[in-house]
Amino acid sequence: MPIRVLPELLISQIAAGEVVERPASVVKELLENSLDADATQVSIQLEEGGVRRIRIADDGCGIERDELRLALTRHATSKIASLDDLERVASMGFRGEALAAVAAVARVRLTSRTRSARQAYAVHTEQGGDPSEVVPAALAQGTVVEVADLYFNTPARRKFLKSTATEYGHCEEAVRRIALARADVALDLSHDGRQRLRLAAGHETQRLHALLGADFAEHALPVSAQAGPFRLEGRVLPAPMATARQAAQYVFVNGRFVRDRLIAHALRQAYADVLHASRQPGYVLYLDVPPELVDVNVHPAKTEVRFRQPQDIHRLLQQAVERALARTLVASPDRPQSAPFARYAESPPSQAVQLGLGVSQPRAAYFASQTIAKAWRDMPSGEGERAHAAPAASIPDAEQALTRVSAELRRDAEGDLPPLGYALAQLHGIYILAQNAAGLIVVDMHAAHERILYEKLKQGQSGQFASQRLLLPVVLTAGPGEMATLETHAVALAELGFVLGRAGPEQIAVREVPALLAAADVPALLRALLADLAEFPASRVLEAHRDELLATMACHGAVRAHRSLSLPEMNALLREMERVERAGQCNHGRPTWVGWPLAELDRLFLRGR
Amino acid sequence: MLLLKTERDRLLRPLQAVSGIVDKRHTLPILSNVLLERTDGRLTLLATDIELQIQTIAEQTDASEPVALTVSARKFQDILRALPEGEVALQAEDKRLLIRSGKSRFTLQTLPAADYPRMSASTEVAVTVSLAQRHLRRLIGLVQYAMALQDIRYYLNGMLMVVRAGEFRLVATDGHRLAYASMPLPGVSEEIDIILPRKAVLELARLLADNDDPVQLRLGATQAQFNFGSIEFITKLIDGKFPDYDRVIPVGHDRVFALARTTLQAALLRAAILTNERFRGVRMVLSAGTLKLVSNNAEQEEAEELIDVDYHWEPMDIGFNVNYLIDMLSNVAVEMVEISLKDSGSSALFSFPGQDDFKYVVMPMRI
Chain A
40 MPIRVLPELL
50 ISQIAAGEVV
60 ERPASVVKEL
70 LENSLDADAT
80 QVSIQLEEGG
90 VRRIRIADDG
100 CGIERDELRL
110 ALTRHATSKI
120 ASLDDLERVA
130 SMGFRGEALA
140 AVAAVARVRL
150 TSRTRSARQA
160 YAVHTEQGGD
170 PSEVVPAALA
180 QGTVVEVADL
190 YFNTPARRKF
200 LKSTATEYGH
210 CEEAVRRIAL
220 ARADVALDLS
230 HDGRQRLRLA
240 AGHETQRLHA
250 LLGADFAEHA
260 LPVSAQAGPF
270 RLEGRVLPAP
280 MATARQAAQY
290 VFVNGRFVRD
300 RLIAHALRQA
310 YADVLHASRQ
320 PGYVLYLDVP
330 PELVDVNVHP
340 AKTEVRFRQP
350 QDIHRLLQQA
360 VERALARTLV
370 ASPDRPQSAP
380 FARYAESPPS
390 QAVQLGLGVS
400 QPRAAYFASQ
410 TIAKAWRDMP
420 SGEGERAHAA
430 PAASIPDAEQ
440 ALTRVSAELR
450 RDAEGDLPPL
460 GYALAQLHGI
470 YILAQNAAGL
480 IVVDMHAAHE
490 RILYEKLKQG
500 QSGQFASQRL
510 LLPVVLTAGP
520 GEMATLETHA
530 VALAELGFVL
540 GRAGPEQIAV
550 REVPALLAAA
560 DVPALLRALL
570 ADLAEFPASR
580 VLEAHRDELL
590 ATMACHGAVR
600 AHRSLSLPEM
610 NALLREMERV
620 ERAGQCNHGR
630 PTWVGWPLAE
640 LDRLFLRGR
Chain S
1201 MLLLKTERDR
1211 LLRPLQAVSG
1221 IVDKRHTLPI
1231 LSNVLLERTD
1241 GRLTLLATDI
1251 ELQIQTIAEQ
1261 TDASEPVALT
1271 VSARKFQDIL
1281 RALPEGEVAL
1291 QAEDKRLLIR
1301 SGKSRFTLQT
1311 LPAADYPRMS
1321 ASTEVAVTVS
1331 LAQRHLRRLI
1341 GLVQYAMALQ
1351 DIRYYLNGML
1361 MVVRAGEFRL
1371 VATDGHRLAY
1381 ASMPLPGVSE
1391 EIDIILPRKA
1401 VLELARLLAD
1411 NDDPVQLRLG
1421 ATQAQFNFGS
1431 IEFITKLIDG
1441 KFPDYDRVIP
1451 VGHDRVFALA
1461 RTTLQAALLR
1471 AAILTNERFR
1481 GVRMVLSAGT
1491 LKLVSNNAEQ
1501 EEAEELIDVD
1511 YHWEPMDIGF
1521 NVNYLIDMLS
1531 NVAVEMVEIS
1541 LKDSGSSALF
1551 SFPGQDDFKY
1561 VVMPMRI
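First to last, the protein sequences are chains A and S. As numbered in my numbering, residues 40 to 648 make up the first sequence, in order. As numbered in my numbering, residues 1201 to 1567 make up the second sequence, in order.
If you are wondering where the hints come from, they were derived from the structure by calculation, not from laboratory data. Virtual Cβ for every residue (Gly too), placed ideally from N, Cα, C. Hints are not guaranteed to be accurate.
Claimed, not checked - Computed spacing ranges between beta-carbons, pair by pair:
1. A:R541 with S:M1516: 26 to 32 Å
2. S:D1223 with A:T527: 43 to 49 Å
3. S:G1452 with A:A567: 37 to 43 Å
What the hints assert, rightly or not - Pairs of lysine to any residue, SDA-like flavour, derived with a Cα cap of 25 Å:
4. S:K1492 with S:A1466
5. S:K1399 with A:R92
6. S:K1295 with S:M1201
7. A:K497 with A:A597
8. S:K1542 with A:R92
9. S:K1542 with A:P512
10. S:K1542 with A:E57
11. A:K497 with S:K1492
12. A:K495 with S:K1436
13. A:K495 with S:Y1316
14. A:K201 with A:R92
15. S:K1441 with A:L509
16. S:K1436 with S:Y1316
17. A:K495 with S:K1492
18. S:K1542 with S:E1514
19. S:K1441 with A:P562
20. S:K1441 with A:P512
21. S:K1441 with A:K495
22. A:K495 with S:N1496
23. A:K497 with S:E1501
24. S:K1441 with A:T516
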């Protein structure tokens, strides 16, 4: 076959393959256009999962009459004009491809009226994808895009579409992402005539409720951090709330939903310490990066981005999320609860709720606990003192424990009870029973102690990177890419205790290894390091391996079940838990304690009914 | 059919010699058994883990009819151990083994001897050496602690045995330190290098007696056989290239001083208490006339030990994994050890003063 220039329509259809993967991509592209047109109200109507018809109406700035036909042409856009614009693009779209690509594979009708225009005009695609003549039409203000019979002219593509329900699901997800990114825009979505989503502008708590469920909206912890030009806001689900199902995982970079390996890695690392292996983290995060420091022009669908300073982004994300998850029990009630959606100034501050335990609530709120406290205060004081002087050894009898607690309670009469309260007894040598202002606390003592030791070990080790010299250097083969990575990072690695050298054109000799990891499988460790080094800071990768070791040590060092503890020992453990970060979960992500508020216990006994 | 009637201890001791290698958690059930075999009026016990096989002659018997059966090594041994001293009778009965002693009676299940995966002694023997058991035992003791444990460089998980004209050497290393020991071997002209697996080395060290009775070594390319006392010990070898030990043993380290082994060992054991529990670093700070051992841990607790030594060079400061030093010091039974150093970045050489039959090389640690 001779070489030929392809016809315009075919070119557009090829391009459409990338941009218009399924109806959801049409929804995404058109919604982004609406947002770029400063719309405040967008309504989306779908039929048959968007395959039969997609109608998106907005109240944006509209398109001038003369430009209507141009809008349907490939590489025509109002969003950028020069390479300079491209490098700091702030709009969602900029390639000038979307409408043309859609027009190449569907019947498109575009109706629009600008603010200044006296009437609306419409244009539609004719056979062959060319725009028709502009005709007058009726419309208040904004733009309406109707896309009908998607893939009518590319039957092969049509065969790849899934069921109506699946395609609708994808469309809804596309709307969901936009809705989370732009709480300032009112959105409604209907499918086959039935309303599915109705989101008013500005109410982000309501929006979280509607989009991610009440659990997320109520329990997610606020994240807010800034590092240099980068800003991170959002919410993360505390580890005990995580479910096995893939939960809400949304990351927006400059308002654009992205799926990025670097970001995913940073978040996995942040959760690594607290999340059980079978659980999925949940988060909605907004990352603001100066447009010139991020390249969104990686893929037509723009779900991938490239950062100029990936390591800074990684650090910011990991540290901010870790901090949010690590909040200690003692510190959290005092800490100002920053509004997670601070970007929308008009929003009321959200109520971040502590995991089921109302430590942040005033003690007075608990009528029941007050009554008990009063009962204690009425007890003869001498008995309490005696119990205090000689605390019961292992299994204290209940009365003694109560009086002891009452003594301590009185001491704390002015201040609040500690969040985890005071120990009452040990249950079967496995659990510690304690009471706090809210009610009953049950602590898994091994898990709790394990976490405490682990955190201490980690603190003790940080910054210590002794290295063991090798008598027999470990030699491994590496590709040219790996060699280059190594050479760039040689200094950083040496600081961490990894001294490497070139042993041949494709061979690396390891001459020194970090002493902590001396017993590890060096080639495997180094390979893991090499794979991650290009994108993530070397110290992170090493720390992950080190933490694994420390976790094992902590597990062996922690008190075993069936060891009886005295009350002072138990109380010491509780106090320690309040101080230590991430005390809510053991190293394997299992919870270390659960709280039963009196109200819940009352319910068990049908009290107050 | 009566298999044997003898004193309990005359059966238990040989059984203990072979049962050490029986793997309790093996996927092949018959490997947790021990093979009892009577041929030519001798009862032999045999155990194997496929890599390693040990056979002992338990007892001469009057009956000569051949019998062979396998029975659970652990249960057999536990029963014998729990029985009071006295006569024990073994009887083979239709797929069962009957053990009787006094008023006790046990019936154990057996598996057919024909299924037992026994190794046959290789016919390809390159070198035959005879040593006193005590000498081989001592030599193994001098190096075995330096073997690697589950290193991916599989050839380090064992011990190198070298026969050179007139010399017999053992070498072990885990990549961080290396131990070398040698002894003269008159009358042997062949040469061979083999690597014995770790498990075989430890088992051999356990079984060899501290006496002058001979041990016969029959070394081949894939198998080594050791005959001593009533034991025949066969092991497969690790096929691999052991690192060139000559290259890592330093020569010409000029800062050489000797000190009493027990003094250094005791000081290190004390300093070890406050080392970082993971990487166990201890610093040797040398200045004219003194060796100072310094260790500290993550909690910033510190230990300091002073030892007077005949050191008269520039002061230096060198770090080691304290375990590597203690391992060696507690495995050599000598009065004095000699330390040769160059600088804080180079390996240290430990040896016995005035002798060159033991060398221990340790790489320093940057602390």
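Verification of the hints:
1. A:R541 with S:M1516: 26 to 32 Å: holds (29 Å)
2. S:D1223 with A:T527: 43 to 49 Å: holds (48 Å)
3. S:G1452 with A:A567: 37 to 43 Å: holds (39 Å)
4. S:K1492 with S:A1466: holds (13 Å)
5. S:K1399 with A:R92: violated (73 Å)
6. S:K1295 with S:M1201: With Cα atoms ~11 Å apart, K1295 of chain S and M1201 of chain S stay inside 25 Å; holds.
7. A:K497 with A:A597: The given pair, whose Cα atoms are some 15 Å apart, holds under the 25 Å limit.
8. S:K1542 with A:R92: violated (82 Å)
9. S:K1542 with A:P512: At roughly 19 Å apart (the allowed maximum being 25 Å), P512 of chain A and K1542 of chain S satisfy the hint.
10. S:K1542 with A:E57: Not satisfied, since the Cα-Cα distance of roughly 66 Å exceeds 25 Å.
11. A:K497 with S:K1492: violated (29 Å)
12. A:K495 with S:K1436: Not OK: K495 of chain A and K1436 of chain S at ~46 Å, beyond 25 Å, violated.
13. A:K495 with S:Y1316: With a Cα-Cα distance of about 53 Å, the restraint between K495 of chain A and Y1316 of chain S is violated, given a limit of 25 Å.
14. A:K201 with A:R92: Cα-Cα ~16 Å, so holds.
15. S:K1441 with A:L509: Cα-Cα ~18 Å, so holds.
16. S:K1436 with S:Y1316: Satisfied, since the Cα-Cα distance of roughly 17 Å is no more than 25 Å.
17. A:K495 with S:K1492: violated (30 Å)
18. S:K1542 with S:E1514: Cα-Cα ~11 Å, so holds.
19. S:K1441 with A:P562: Holds - the C-alpha atoms of P562 of chain A and K1441 of chain S are around 18 Å apart, at most 25 Å.
20. S:K1441 with A:P512: holds (15 Å)
21. S:K1441 with A:K495: Since the Cα atoms of K1441 of chain S and K495 of chain A sit roughly 43 Å apart, the hinted pair is violated (cutoff 25 Å).
22. A:K495 with S:N1496: holds (16 Å)
23. A:K497 with S:E1501: holds (17 Å)
24. S:K1441 with A:T516: holds (18 Å)
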